[in-house]
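If you read the sequences in order, they're chains A and B.
Under my numbering, the letters of the first sequence match residues 1 to 607, in that order.
Under my numbering, the letters of the second sequence match residues 1 to 334, in that order.
What the hints contain is simulated information worked out from the structure, not anything from laboratory work.
Bear in mind that the values here come from a model prediction, so they are computed numbers and not experimental data.
Cβ coordinates follow ideal geometry from the N, Cα and C atoms, glycine included.
Among the hints, a few may not be true.
Claimed, not checked - Cross-link-like lysine-lysine pairs, in silico, BS3-like; alpha carbons within 30 angstroms at most:
# : chain 1 : residue 1 : chain 2 : residue 2
1 : A       : K254      : A       : K600
2 : B       : K64       : A       : K162
3 : A       : K166      : B       : K64
4 : A       : K391      : A       : K411
5 : B       : K69       : A       : K162
Unchecked claim - Reference listing, derived: stretches of chain B covered by chain A, where coverage requires no fewer than 3 residues with Cβ under 8 angstroms from a Cβ of chain A:
#  : segment
6  : 80-93
7  : 101-112
8  : 171-179
9  : 182-192
10 : 291-302
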Amino acid sequence: MARLTLLRAGDIKWQTLVPSLTASVLLIAAAVSPAAVAAPSAQVQDVARKDTLIVSGFGPGLSEITDPQNMNPYSLGGLGRVRDILNKTIYEFLYLYNHNTGEEIPWLAQSYTVAPDLLSVDVALRNGVEWSDGQPFTSDDVKFTLELLRDTPSLVFASDIKEWVKDVTVIDPQHFRINLNKPNARFFYFYFVENSEIHLPILPQHIWQGQDPASFTNFDLSTGSPVGTGPYKLVDASAQQQLFDRNDSWWGAKSGFQSLPKPLRVIFMQPGAADTAAARTINNEFDAGAVMQPGVFEAAHARNPNISSWSPQGPSWGAPDACLYTLGLNTRWGPMADLRVRRAISHSINRQAMVDLAYESSTVPQVIPFSTYGGLAAYQNQLTDLINQYKPDDPDPAKVATDMLEAGYTKDSAGYWTKGGARLTTDLLTPGWLKPMGPVLEKQLRDNGFDMTFKLFDPDTNPFFDIVQAGNGNAWIIVHCGSSREPYGTLQHFHSRFASPSQGQKTAYTWANSQYMNPEYDAIINQMDPIQPSPTDPQYMALTTQAINLFLRDIPEITLAEERHVVTFNSTYWSGWMNQQNAYAAPYSLWAAFSLAFYKLEPTGAS
Amino acid sequence: MTLGYVARRIGVFFLVVFFAVSINFLIPRLRSTNPIEARMNEFAATGAGRAGDFHELIEIYNAKFDFDKPLWQQYLNYWGDVLHFDLGTSIAFYPGKVRDEIMRAAPWTIGLLLVSTLFAFVIGSILGALLAWPGMGKLFGIFVPVLMTLSAIPYYLLGLLLVYVFALVWPVLPSAGAYTSGARLALTWPIVGDIGRHALLPAASIVLAGIGFWGLGMRATMVSVMGEDYMTMANAKGLRDRTMFFHYAFRNALLPQVTGLAIALAGIMSGAILVEIVFGYPGIGFLLYRAISGNDYFVIQGVVLFVILSVGLALLILDLVYPLLDPRIQFRKT
Numbered sequence: 001m002a003r004l005t006l007l008r009a010g011d012i013k014w015q016t017l018v019p020s021l022t023a024s025v026l027l028i029a030a031a032v033s034p035a036a037v038a039a040p041s042a043q044v045q046d047v048a049r050k051d052t053l054i055v056s057g058f059g060p061g062l063s064e065i066t067d068p069q070n071m072n073p074y075s076l077g078g079l080g081r082v083r084d085i086l087n088k089t090i091y092e093f094l095y096l097y098n099h100n101t102g103e104e105i106p107w108l109a110q111s112y113t114v115a116p117d118l119l120s121v122d123v124a125l126r127n128g129v130e131w132s133d134g135q136p137f138t139s140d141d142v143k144f145t146l147e148l149l150r151d152t153p154s155l156v157f158a159s160d161i162k163e164w165v166k167d168v169t170v171i172d173p174q175h176f177r178i179n180l181n182k183p184n185a186r187f188f189y190f191y192f193v194e195n196s197e198i199h200l201p202i203l204p205q206h207i208w209q210g211q212d213p214a215s216f217t218n219f220d221l222s223t224g225s226p227v228g229t230g231p232y233k234l235v236d237a238s239a240q241q242q243l244f245d246r247n248d249s250w251w252g253a254k255s256g257f258q259s260l261p262k263p264l265r266v267i268f269m270q271p272g273a274a275d276t277a278a279a280r281t282i283n284n285e286f287d288a289g290a291v292m293q294p295g296v297f298e299a300a301h302a303r304n305p306n307i308s309s310w311s312p313q314g315p316s317w318g319a320p321d322a323c324l325y326t327l328g329l330n331t332r333w334g335p336m337a338d339l340r341v342r343r344a345i346s347h348s349i350n351r352q353a354m355v356d357l358a359y360e361s362s363t364v365p366q367v368i369p370f371s372t373y374g375g376l377a378a379y380q381n382q383l384t385d386l387i388n389q390y391k392p393d394d395p396d397p398a399k400v401a402t403d404m405l406e407a408g409y410t411k412d413s414a415g416y417w418t419k420g421g422a423r424l425t426t427d428l429l430t431p432g433w434l435k436p437m438g439p440v441l442e443k444q445l446r447d448n449g450f451d452m453t454f455k456l457f458d459p460d461t462n463p464f465f466d467i468v469q470a471g472n473g474n475a476w477i478i479v480h481c482g483s484s485r486e487p488y489g490t491l492q493h494f495h496s497r498f499a500s501p502s503q504g505q506k507t508a509y510t511w512a513n514s515q516y517m518n519p520e521y522d523a524i525i526n527q528m529d530p531i532q533p534s535p536t537d538p539q540y541m542a543l544t545t546q547a548i549n550l551f552l553r554d555i556p557e558i559t560l561a562e563e564r565h566v567v568t569f570n571s572t573y574w575s576g577w578m579n580q581q582n583a584y585a586a587p588y589s590l591w592a593a594f595s596l597a598f599y600k601l602e603p604t605g606a607s
Numbered sequence: 001m002t003l004g005y006v007a008r009r010i011g012v013f014f015l016v017v018f019f020a021v022s023i024n025f026l027i028p029r030l031r032s033t034n035p036i037e038a039r040m041n042e043f044a045a046t047g048a049g050r051a052g053d054f055h056e057l058i059e060i061y062n063a064k065f066d067f068d069k070p071l072w073q074q075y076l077n078y079w080g081d082v083l084h085f086d087l088g089t090s091i092a093f094y095p096g097k098v099r100d101e102i103m104r105a106a107p108w109t110i111g112l113l114l115v116s117t118l119f120a121f122v123i124g125s126i127l128g129a130l131l132a133w134p135g136m137g138k139l140f141g142i143f144v145p146v147l148m149t150l151s152a153i154p155y156y157l158l159g160l161l162l163v164y165v166f167a168l169v170w171p172v173l174p175s176a177g178a179y180t181s182g183a184r185l186a187l188t189w190p191i192v193g194d195i196g197r198h199a200l201l202p203a204a205s206i207v208l209a210g211i212g213f214w215g216l217g218m219r220a221t222m223v224s225v226m227g228e229d230y231m232t233m234a235n236a237k238g239l240r241d242r243t244m245f246f247h248y249a250f251r252n253a254l255l256p257q258v259t260g261l262a263i264a265l266a267g268i269m270s271g272a273i274l275v276e277i278v279f280g281y282p283g284i285g286f287l288l289y290r291a292i293s294g295n296d297y298f299v300i301q302g303v304v305l306f307v308i309l310s311v312g313l314a315l316l317i318l319d320l321v322y323p324l325l326d327p328r329i330q331f332r333k334t
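Hey, can you work out the whole structure from these sequences and the hints?
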């Protein structure tokens, strides 16, 4: 068979050109099709990059754009819609909170007073607050929102509000009273001040009244919907991005409360995969939001020095988030119900090694379940002696052996602890987002004779929480989130009211799964319930010390280290980001107080 | 081709769809997790209220989504909805309709994967055929290990490599997204060009991996075809190389490739999940990934239903068209 003469000069041109041209035409034609499908309805002006702030989501999960054309904050998908860009643009809150200092920042409200009997809260709203359509924001809107939540069980947060809110009394347009079903010293703080997790946006009554609150999408750009009090208005929304343009008629600027934020446009972008999000930050496509692993951050910073994180120095670049890396233990059923076994487990763990290996030394070991936030520091400082008395961070194989032998265990031929012929074998349940810790802890525990294997639930955490909450797990890795300003926030989770009624029935709260039941401890928490917290209050501090004493003695869980995230900022176009030296708010774009950055940012002039 | 054959083939299509749709219904429900409860647990894990207090809400949505009914009743209701082309309401996007979510995502995926798949098929098939043609070895021999390597590398890894090279080291292309941030979709040349530019890297990752797949397949088939008597006959008759290549060898070797292409084209409705995640591309694959992570049964079922129908229809059409492509294939009883 002769040599193919297909590739003569004249032929090469056509044989390669035709498919190339055809495919190019196809590419363009295909590219056009989405444009035709998703054309926007609103006329929107172009805004230069130098006037645009681009925020990517915190990471996969709730921060992804869930139905870009649904702005209902309380329907089944509601939290994901609010707990990101909407809480900085469309919605504002009665208060904001600076986690770094514990400062409460009045925003839509001016003040609040908790009644001495803890059964009501009087709130004064700020004068001059308006919705984006020019209607006044009044106490009636607050009453409408809270009572709508109370009476509509299909809404997210309805169960909370139904449990606590009896009704809302409108005193006048600027003053109202929230009447509670039962005493709660922290109700207002929990739902309206510390907006890191719970976000309760107030709804405009004149828009929402008469709508089905579970299915109302609150989205119609042609009529200016969604209506909020925030300094931005939504002008375009697609699965890739949401565009918010500055509302120059914002009430805050008109009333002199704040200056208008400098960015003319805010764009919320789908973050995508972590690696590409990092690449986009390096390329100045994102101004804020991408979370990186410490090593990735260092590489990104080397490529683009304008990229920074919370701390100016490593290796702990990241910021605390009020959560603690924790080894959860089932104190009620299974082998961990024996305090001596829990103590042996505790002595098996080398926290610093875990931090170094799992998190590249990017965080710090902790032994009690409080973050390093400023509001908690004054309490922790007073607990130092007590902590030194127990020495919970004390990896020591000899102490492991002592406790295990006392508990009736002996080592089998393979070197694992055994009792009555049965080896202590169990899974170390690990949700996907905490997987760096799994192999490290497994190794440390195995080295000390515990036949434990980490079992990963990734990317879907189910049924991790089902197992743990029902008391069917023995040991698990988790973050324990709670206290952001006072010890009670986390300590209450060890009260027996959070324990399962019986094994197989789930606990009453996601983070409270130790199944710890101690009447002595319950009595301490019961006494803390009605007290307004203060590190200078001897009674509150004494109760805190007693609770921590039991925590360290009984080891209902093992606090390992502080959870810190390397959130990143890019100062190519905007300067003035929060950081350790300029800690006006926590750096988490999920949280409402992140909005304070919008008022602090200054354009660098880069184009 | 007889009428009986066509009827039988259509019957098989419906049978396949019936079983596939039934399996599609059952698989998500084999998990012990209640999707509404999982959704609320996800909320609770991020601070939204207390999981134990969600019972009333869970009951309400269980009733809305039929989860409180026996499985057989859910199954019958599901078929009723499918026959009315109602894919139901999404859990994660509630109260958004599954159909709307799929329609929102589908154009991106079809645009990206249709072009990429055709590109890979055309280039891969031509290259594979040339590799097998005698005398081309020296010129194209280098491509064999390249093709084998490309076919062995998952396309999402190629994607990351392309991002590194063309978006970071030599930043000439955007690293992610379907179009420039801040741009608004409209039927204008700048936007069309922008979309095409953003599609280049994800498309290239699929094309590069695909070329290897199609090329090696074509090469193997060509080698087999080259040993056929009719090729010897054609050579003995002194036919031109180009005639032998295109009309005798390439056309015959293309038949199994076309079958593969039909299945690949039908499968694009499932999206290229990892590519879409890596590149933050708002297509079907990304939608499916989020639906699986979020226990959103109805979106999963909706996407898979589209895939089932696409593949089933593609194979049906292929079976009916095959005799036209290859006159040797006849569907008569012997």
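query = Under a C-beta cut-off of less than 8 angstroms, do 3 or more residues of the segment 182-192 of chain B approach chain A closely enough to confirm the stated coverage?
reply = With 7 residues in contact (Cβ-Cβ under 8 angstroms with chain A), the coverage given for the segment 182-192 of chain B holds.
query = Is K254 of chain A close enough to K600 of chain A, meaning Cα to Cα at most 30 angstroms?
reply = Holds, because 18 angstroms separates the two Cα atoms, which is no more than 30 angstroms.
ask   = Are there at least three residues in the segment 291-302 of chain B whose beta carbon sits under 8 angstroms from a beta carbon of chain A?
value = Our answer is that it holds, as 3 residues pass the Cβ test (under 8 angstroms) against chain A, meeting three.
request  = Below or equal to 30 angstroms on CA atoms is what counts here, so check K391 of chain A against K411 of chain A.
outcome  = holds (26 angstroms)
key: Verdict on chain A covering the segment 171-179 of chain B, criterion of 3 CB contacts below 8 angstroms   = Our answer is that it holds, as 7 residues pass the Cβ test (under 8 angstroms) against chain A, meeting three.
message = Can you tell me if the segment 101-112 of chain B counts as covered by chain A, using C-beta to C-beta distances under 8 angstroms and a minimum of three residues?
response = Satisfied; 9 residues make the cut.
key: Hinted pair K166 of chain A and K64 of chain B, Cα distance within 30 angstroms   = Roughly 28 angstroms between the alpha carbons, so the hint for K166 of chain A and K64 of chain B holds.
message = Is the listed coverage of the segment 80-93 of chain B by chain A valid when you require three or more residues with a beta carbon under 8 angstroms from a beta carbon of that chain?
response = holds (count 4)
query = CA of K64 of chain B to CA of K162 of chain A, is that 30 angstroms or under?
reply = holds (21 angstroms)
query = CA of K69 of chain B to CA of K162 of chain A, is that 30 angstroms or under?
reply = holds (27 angstroms)
Hint compliance for this structure: every hint is met.
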